[in-house]
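A.B. asks: Sequence:
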Amino acid sequence: MAASRRVAAAMIGVVAIMATIAAVDGLGVNWGTMATHRLPPKVIARLIKDNGFKKVKIFDADATTMSGLAGTGIETMIAVPNDMLSAVGGDYGRAREWVKENVTRYMFDGGVNIRHVAVGNEPFLKAYGGAFDRHTVPALRNIQRALDEAGHGTKIKATVPVNADVYDSPASNPVPSAGRFRDDVAGLMADMVKFLNRSGAPLTVNIYPFLSLYGNDDFPIDYAFFDGGAASGDPPPKPVFDNGINYTNVFDANFDTLVSSLKKIGFGNLPIVIGEVGWPTDGDKHATVAYAQRFYSGLLKRLAARRGTPLRPRVPIDVYLFGLVDEDAKSVAPGNFERHWGIFTFDGRPKFPVDLRGGDGRSSSSSMPLAAKGVEYMKRRWCVLAPNATDDEAGRVADNVGYACAHADCTALGLGCSCGGLDARGNASYAFNVYYQAQGQAEAACDFQGLAVVTEDERDVPSQGACNFTVQVAAAGKTAAAACAAVAAAAVVGLAAVLVLV
Numbered sequence: 068m069a070a071s072r073r074v075a076a077a078m079i080g081v082v083a084i085m086a087t088i089a090a091v092d093g094l095g096v097n098w099g100t101m102a103t104h105r106l107p108p109k110v111i112a113r114l115i116k117d118n119g120f121k122k123v124k125i126f127d128a129d130a131t132t133m134s135g136l137a138g139t140g141i142e143t144m145i146a147v148p149n150d151m152l153s154a155v156g157g158d159y160g161r162a163r164e165w166v167k168e169n170v171t172r173y174m175f176d177g178g179v180n181i182r183h184v185a186v187g188n189e190p191f192l193k194a195y196g197g198a199f200d201r202h203t204v205p206a207l208r209n210i211q212r213a214l215d216e217a218g219h220g221t222k223i224k225a226t227v228p229v230n231a232d233v234y235d236s237p238a239s240n241p242v243p244s245a246g247r248f249r250d251d252v253a254g255l256m257a258d259m260v261k262f263l264n265r266s267g268a269p270l271t272v273n274i275y276p277f278l279s280l281y282g283n284d285d286f287p288i289d290y291a292f293f294d295g296g297a298a299s300g301d302p303p304p305k306p307v308f309d310n311g312i313n314y315t316n317v318f319d320a321n322f323d324t325l326v327s328s329l330k331k332i333g334f335g336n337l338p339i340v341i342g343e344v345g346w347p348t349d350g351d352k353h354a355t356v357a358y359a360q361r362f363y364s365g366l367l368k369r370l371a372a373r374r375g376t377p378l379r380p381r382v383p384i385d386v387y388l389f390g391l392v393d394e395d396a397k398s399v400a401p402g403n404f405e406r407h408w409g410i411f412t413f414d415g416r417p418k419f420p421v422d423l424r425g426g427d428g429r430s431s432s433s434s435m436p437l438a439a440k441g442v443e444y445m446k447r448r449w450c451v452l453a454p455n456a457t458d459d460e461a462g463r464v465a466d467n468v469g470y471a472c473a474h475a476d477c478t479a480l481g482l483g484c485s486c487g488g489l490d491a492r493g494n495a496s497y498a499f500n501v502y503y504q505a506q507g508q509a510e511a512a513c514d515f516q517g518l519a520v521v522t523e524d525e526r527d528v529p530s531q532g533a534c535n536f537t538v539q540v541a542a543a544g545k546t547a548a549a550a551c552a553a554v555a556a557a558a559v560v561g562l563a564a565v566l567v568l569v
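The numbering used here numbers the first residue of the sequence shown as 68 and each following residue consecutively.
There may be inaccurate statements among the hints.
[Stated by the list, open to error] Calculated lysine to aspartate or glutamate pairs in the EDC-like style (CA-CA distance at most 20 Å, straight line):
(1) LYS222 x ASP385
(2) LYS224 x GLU142
(3) LYS446 x GLU523
(4) LYS116 x GLU168
(5) LYS446 x ASP514
(6) LYS167 x GLU142
(7) LYS330 x ASP414
(8) LYS261 x ASP250
(9) LYS261 x ASP251
(10) LYS116 x GLU405
(11) LYS222 x ASP150
(12) LYS330 x ASP235
(13) LYS167 x ASP129
(14) LYS167 x ASP150
(15) LYS116 x GLU142
(16) LYS167 x ASP232
(17) LYS446 x ASP527
(18) LYS193 x ASP235
(19) LYS193 x ASP232
(20) LYS440 x ASP414
(21) LYS224 x ASP285
(22) LYS352 x ASP285
(23) LYS222 x GLU168
(24) LYS222 x ASP284
(25) LYS305 x ASP284
(26) LYS331 x ASP215
(27) LYS109 x ASP129
(28) LYS109 x GLU523
(29) LYS109 x GLU405
(30) LYS330 x ASP251
(31) LYS331 x ASP232
(32) LYS352 x ASP490
(33) LYS352 x ASP284
(34) LYS261 x ASP301
(35) LYS330 x GLU443
(36) LYS222 x ASP176
(37) LYS352 x GLU405
No lab work stands behind these hints, which were simulated from the structure alone.
Could you put together the complete structure from these sequences and hints?
C.D. replies: So this is what it looks like as structure tokens:
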């Protein structure tokens with residue numbers, strides 16, 4: 068009898084271990100490509116696999132990106148960009164052609180393991196002012212129909228990643244159980260959810276606890292994490308009480324607000340995929356490496372434990388972390404942190420120790436993720452403010468810094484950011500160098516009316532602490548000029564002018 072109990076206990080232990088490993092092994096990551104210089108797709112694909120990610124989500128179906136994923140077996144979510152929703156939603160022929168060009172062409176032995184098509188990205192976002200509202204659901208229907216007719220529909224499902232701003236709770240009762248879809252998109256969400264349920268696809272949602280904290284100094288900071296304040300040493304945050312449930316973190320509360328919203332329209336059991344969740348490491352006082360490490364450590368442990376949320380207990384959650392690498396050409400309209408979501412730097416170096424397997428015994432929370440292999444760099448040289456530049460030239464320096472920051476990424480120079488402690492000369496050198504690197508170290512890119520010089524001596528580079536004067540990856544990974552055009556020039560020019568005068 069005792070032996071039977073021991074065998075049973077051992078079997079339970081094995082099952083528990085296997086469940087934990089399975090949960091972590093399903094982890095996904097977002098691979099964004101809005102960068103002035105990109106790592107080669109095969110290098111990125113290897114980085115994804117080396118770190119145990121089984122799934123990847125991309126924001127288009129770019130042929131170069133897809134070539135990197137071919138033959139890897141990585142489960143892939145490709146995307147129809149927002150600017151194509153009108154075309155594929157209004158013309159089934161366009162949807163069918165899109166599927167042929169971006170799905171069918173990769174469906175061969177050694178091709179890309181496509182599992183989902185994201186139809187748009189956060190198309191109902193408040194900031195878009197309804198621009199994509201009437202196109203999204205027709206586009207979803209047409210893409211899934213085209214997938215079905217091409218014979219891919221049983222394996223590949225179309226979904227729509229939505230921002231968490233499509234649902235909320237009323238101010239009079241701000242608890243998860245009172246969740247409902249936003250009034251202006253409630254009808255659209257109901258139509259979309261009905262279609263997803265019928266087609267067997269999940270609802271995809273992007274949840275960002277960081278954004279609850281960003282710009283809101285009254286938000287209890289520990290509520291954005293999963294450790295109840297243990298990491299900060301502060302008392303645990305006051306939980307949100309809701310029908311006998313204590314919500315101790317904003318992730319659970321946000322997720323269950325969506326579950327309640329779905330229940331209200333009769334689809335409380337619809338599968339939910341977290342399309343994006345993460346924490347930035349620079350560009351804001353709360354966007355730090357330490358906070359990112361704290362957030363990911365808590366999140367990954369929860370995922371490995373398969374705890375689910377209070378309204379969906381013990382239900383594993385499919386998650387795509389956001390993101391893989393930093394993107395220095397993203398718009399900074401939402402905030403300067405937008406270019407710093409990567410778990411890895413632009414060149415594939417891990418930023419902090421974290422157990423991407425969530426604590427399965429094969430790695431520890433103090434171990435660094437594996438860096439990208441085979442990365443090639445441009446020559447180790449930098450563009451800095453000329454030693455003979457004088458204070459009398461501050462006006463010209465400011466103008467040139469403004470120009471540099473309008474065409475490159477100066478977000479690390481902000482107050483409370485990684486390079487926020489530089490003096491005026493350091494600010495100028497940083498701005499000149501990021502522009503020089505973004506331009507592929509072209510000789511003409513380090514002039515700035517005679518105010519800058521190229522150096523190969525690291526002693527001339529005013530790096531300090533976490534402030535890193537980068538050398539970009541080799542030009543073979545350089546994007547088209549269009550990526551540079553994505554830089555939000557006006558916002559950064561203002562920042563640069565202030566920084567030089569500090």
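A.B. asks: What's the verdict on LYS352 and ASP285, does the C-alpha distance respect the 20 Å limit or exceed it?
C.D. replies: This hinted pair holds, its Cα atoms lying about 14 Å apart.
A.B. asks: LYS261 and ASP301: Cα distance at most 20 Å?
C.D. replies: violated, 44 Å
A.B. asks: Would you mind confirming whether the straight-line C-alpha gap from LYS446 to GLU523 stays at or under 20 Å?
C.D. replies: holds, 9 Å
A.B. asks: Take the C-alpha atoms of LYS109 and ASP129, compute the straight-line distance between them, and say whether it is at most 20 Å.
C.D. replies: Holds. LYS109 to ASP129 sits at ~14 Å (cutoff 20 Å).
A.B. asks: With a cut-off of 20 Å on the C-alpha distance, tell me whether LYS193 and ASP232 pass.
C.D. replies: Given pair LYS193, ASP232 holds - Cα atoms ~7 Å apart, limit 20 Å.
A.B. asks: Do the alpha carbons of LYS109 and GLU405 lie within 20 Å of each other, as the hint requires?
C.D. replies: Violated. LYS109 to GLU405 sits at ~25 Å, over the 20 Å cutoff.
A.B. asks: For a C-alpha distance cap of 20 Å, please report whether LYS352 and ASP490 respect it.
C.D. replies: holds, 18 Å
A.B. asks: For LYS167 and ASP150, compute the direct alpha-carbon distance and say whether it is at most 20 Å.
C.D. replies: This hinted pair holds, its Cα atoms lying about 19 Å apart.
A.B. asks: Is LYS305 within 20 Å of ASP284, Cα to Cα?
C.D. replies: holds, 16 Å
A.B. asks: If you draw a straight line from the CA of LYS193 to the CA of ASP235, is it 20 Å or shorter?
C.D. replies: Answer holds: LYS193 to ASP235 is near 13 Å, not above 20 Å.
A.B. asks: If you draw a straight line from the CA of LYS330 to the CA of GLU443, is it 20 Å or shorter?
C.D. replies: violated, 51 Å
A.B. asks: Is LYS224 within 20 Å of ASP285, Cα to Cα?
C.D. replies: This hinted pair is violated, its Cα atoms lying about 41 Å apart.
Taken one by one, the earlier hints fail for this structure at numbers 4, 7, 10, 11, 16, 21, 24, 26, 28, 29, 34 and 35, listed in ascending order.
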